[in-house]
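S.K.: Spelled out, the chains give:
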Amino acid sequence: MATVTFDQATRVYPGTDRPAVDKLDLDVGDGEFLVLVGPSGCGKSTSLRMLAGLEDVNTGRILIGDRDVTDVPPKDRDIAMVFQNYALYPHMSVSDNMGFALKIAGVGKEQRAERVREAAKLLDLEDYLDRKPKALSGGQRQRVAMGRAIVRNPRVFLMDEPLSNLDAKLRVQTRTQIASLTRRLGVTTVYVTHDQVEAMTMGDRVAVLKDGLLQQVDTPRRLYDHPDNVFVAGFIGSPAMNLLELPVVDGGVQFGGTTYDTGREAIDAASGSTVTVGVRPEDLVLTAEGDGLAVEADLVEEQGADAFIFGRTIVNDKSHDIIVRVDGRRPPEKNSTVWVRPQPGHVHVFDATTGERVGD
Amino acid sequence: MRKALMQTVSRIPLVVWAVIVIYPIIWMFLGSFKDYGEIFRSPWALPEAFEFDNFVQAWNDHGIGRSFVNSLLVTVLGCTLCMLFSLPTAYAIERIRFRGSKVLFNVYLASMMIPMVLGWIPLFFLLLQLNLLNNLLALSLIYAVTQVPFTVFILCSFLSGVPRDLEEAAAIDGMSQYGILFKIVAPLVTTGIITASIMNAVMYWNEYFMALIFLQSDEKNTLGVAMDLLANEAEYTNAWGALFAGLTIAIIPIMVIYAIFQRNITKGMTEGALKG
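Here the protein sequences come in this chain order: Y and E. Quick note on numbering: the first sequence equals residues 1 to 360 in my numbering. Quick note on numbering: the second sequence equals residues 1001 to 1276 in my numbering.
Hints are computed from structural coordinates only; laboratory data are not their basis. Even for Gly, the Cβ is constructed at its ideal location relative to N, Cα and C. Careful: at least some of the hints might be erroneous.
[Stated by the list, open to error] Within a straight-line C-alpha distance of at most 27 angstroms, the following computed DSSO-like cross-link-like pairs (lysine-lysine) qualify:
#, chain 1, residue 1, chain 2, residue 2
1, E, 1267, Y, 132
2, Y, 109, E, 1183
3, Y, 121, Y, 75
4, Y, 103, E, 1183
5, Y, 103, Y, 121
6, Y, 109, Y, 134
7, Y, 75, E, 1183
8, Y, 134, Y, 103
9, Y, 134, E, 1183
10, E, 1267, Y, 134
11, Y, 210, Y, 134
12, Y, 121, Y, 134
13, Y, 132, E, 1183
14, Y, 109, Y, 121
[Said to hold, decoys possible] Which bits of chain Y does chain E cover? Going by a derived footprint, with three or more residues having C-beta under 8 angstroms, they are:
#, stretch
15, 79-85
16, 316-326
So that you can see chain Y by itself, here it is in the shape it has in the complex (with noise of 0.2 angstroms):
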């Protein structure tokens, strides 16, 4: 078990200017399990890459525990990694595969098959070992991944997308025995997923990156109730969260006819004449006419429970879309006007130019 501490730790692919991950300053505790999430092509796996060895990093440190592995060779690092598509050898049989990285590392027969067969009964895969991966389902051939990473009893467990090529039923249902198994080991894990879903039910903090850029690390629950900045506020959450650029008013902003009251000090801070005001669809209530925004539905996304209006509303003379969750058993109709405004202390104000958090 280990820390995983980035230290200022950059990556520039050759031949591009902009860094692929700029300055990461990232501390994971011992035994945590951190997710690191964002959109395509926001340096998740990059950093992931970067801890596993894979990939160079240019300027700063990246360390295990107390040990400084910025120059380590990835096999030297104490670490087991499950990759996206598994990365399975194909003309090995499911232990050749589990028990490879222990046969290099000159682990006696026994032994090695000892922790093959240990590994495989925490899986369930005791009837598989004898077959090739070809031979495998796609569940299986992701708990194959798993265990290879388990029998070598890392410091670190890194895992990048590992679920992304499973179904969608197969997919929650492994991502809790995976969050489940991570923890019952006590090992430090940090996994990558693009999947927002999967980042707030699996880790214990998450971390949320945005063009090689740390946006915001925090457990799920603090980053659903307080976004650091637009970006984060936009991204955690389905359906997003809405995003009104709204005019800042004396007590508060101007909330369609009213003056929603959102405490002085945000509105201190805010540096324009509007601020940009996040509330998310199951913060906004229904009202009497001319109470709040107008809301033309344009649909109305019935799911049982709850159902989504997804429409449009007049800000300013611009047109911007909102979503709405009301009730799923008395849904308003579509095309029809529905007034809303939000509920008390769950607004989320930021700066209209820097899109930071304003106030509290």
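Since chain Y is already given, all that's left is putting chain E on it; use the hints.
M.R.: Chain E in isolation, oriented as in the chain Y frame:
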């Protein structure tokens, strides 16, 4: 009905072509069992008895046995050396991007277009100076090197199809670069290795001119040269039966090997084409 008819008609030229190609081989094969008189008496008939006198004569008296072993040696050694040189080269060109790797690949490609004839005389003097003339090992080495560009070309297209993740997984598992190449990558490009090796083997087995120039004593002759000598001899000694037997010995192994691996070769050729 019409379609079936069209199909039959379109196959007629192919059948004719197959007969034209196969008939001389069958004729030679049958001739190898006939004695001198029978060859002239009934050249188109089946042999009266399947006797192996001609084979024994060719193998023992005309040096075909010795040449067969020599050919086998240069072919196996040539193929092995060629693969040992080409696989790491192709891997380096394909996977380790270094300054000039693209240029190097193009140099290999371009060298395939240089006629071999141009190398014979310089090679002769080189071998003479190194005291390596009339040496089967030296000939194997030359054979190996002549086919390196072709083999690199074939292997590169196969190697490009091996997922990089596998190599990275092996690197994390603790393999060295050569370990990754020989234990992980090589088994995955077996089709390419077989394809290139068979094509090289056919070339080495049938090669004539370099063997003629670089080998200078009868006991070192490979099959190509030995068959030529036997053919010249047959003109004066009428050892036609022995000649046919010798030819049969010379061509049967390569046909058998080709037939066994034919599926691999055709698969290999198309795979290479698509992934390249």
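S.K.: Determine for every hint whether it applies to the structure shown.
M.R.: Okay, the hints, checked on the actual structure:
1. E/1267 / Y/132: Measuring from Cα to Cα gives roughly 22 angstroms; hence the hint holds.
2. Y/109 / E/1183: holds (18 angstroms)
3. Y/121 / Y/75: With a Cα-Cα distance of about 26 angstroms, the restraint between residue 121 of chain Y and residue 75 of chain Y holds, given a limit of 27 angstroms.
4. Y/103 / E/1183: Status holds; Cα separation ~13 angstroms.
5. Y/103 / Y/121: holds (20 angstroms)
6. Y/109 / Y/134: holds (25 angstroms)
7. Y/75 / E/1183: Between residue 75 of chain Y and residue 1183 of chain E the Cα gap is close to 16 angstroms, so the pair holds against 27 angstroms.
8. Y/134 / Y/103: holds (22 angstroms)
9. Y/134 / E/1183: holds (18 angstroms)
10. E/1267 / Y/134: holds (19 angstroms)
11. Y/210 / Y/134: Violated, at roughly 36 angstroms.
12. Y/121 / Y/134: The given pair, whose Cα atoms are some 21 angstroms apart, holds under the 27 angstroms limit.
13. Y/132 / E/1183: holds (16 angstroms)
14. Y/109 / Y/121: Since the Cα atoms of residue 109 of chain Y and residue 121 of chain Y sit roughly 18 angstroms apart, the hinted pair holds (cutoff 27 angstroms).
15. 79-85: holds (count 6)
16. 316-326: violated (count 0)
The structure is inconsistent with the numbered hints 11 and 16, although it conforms to all the rest.
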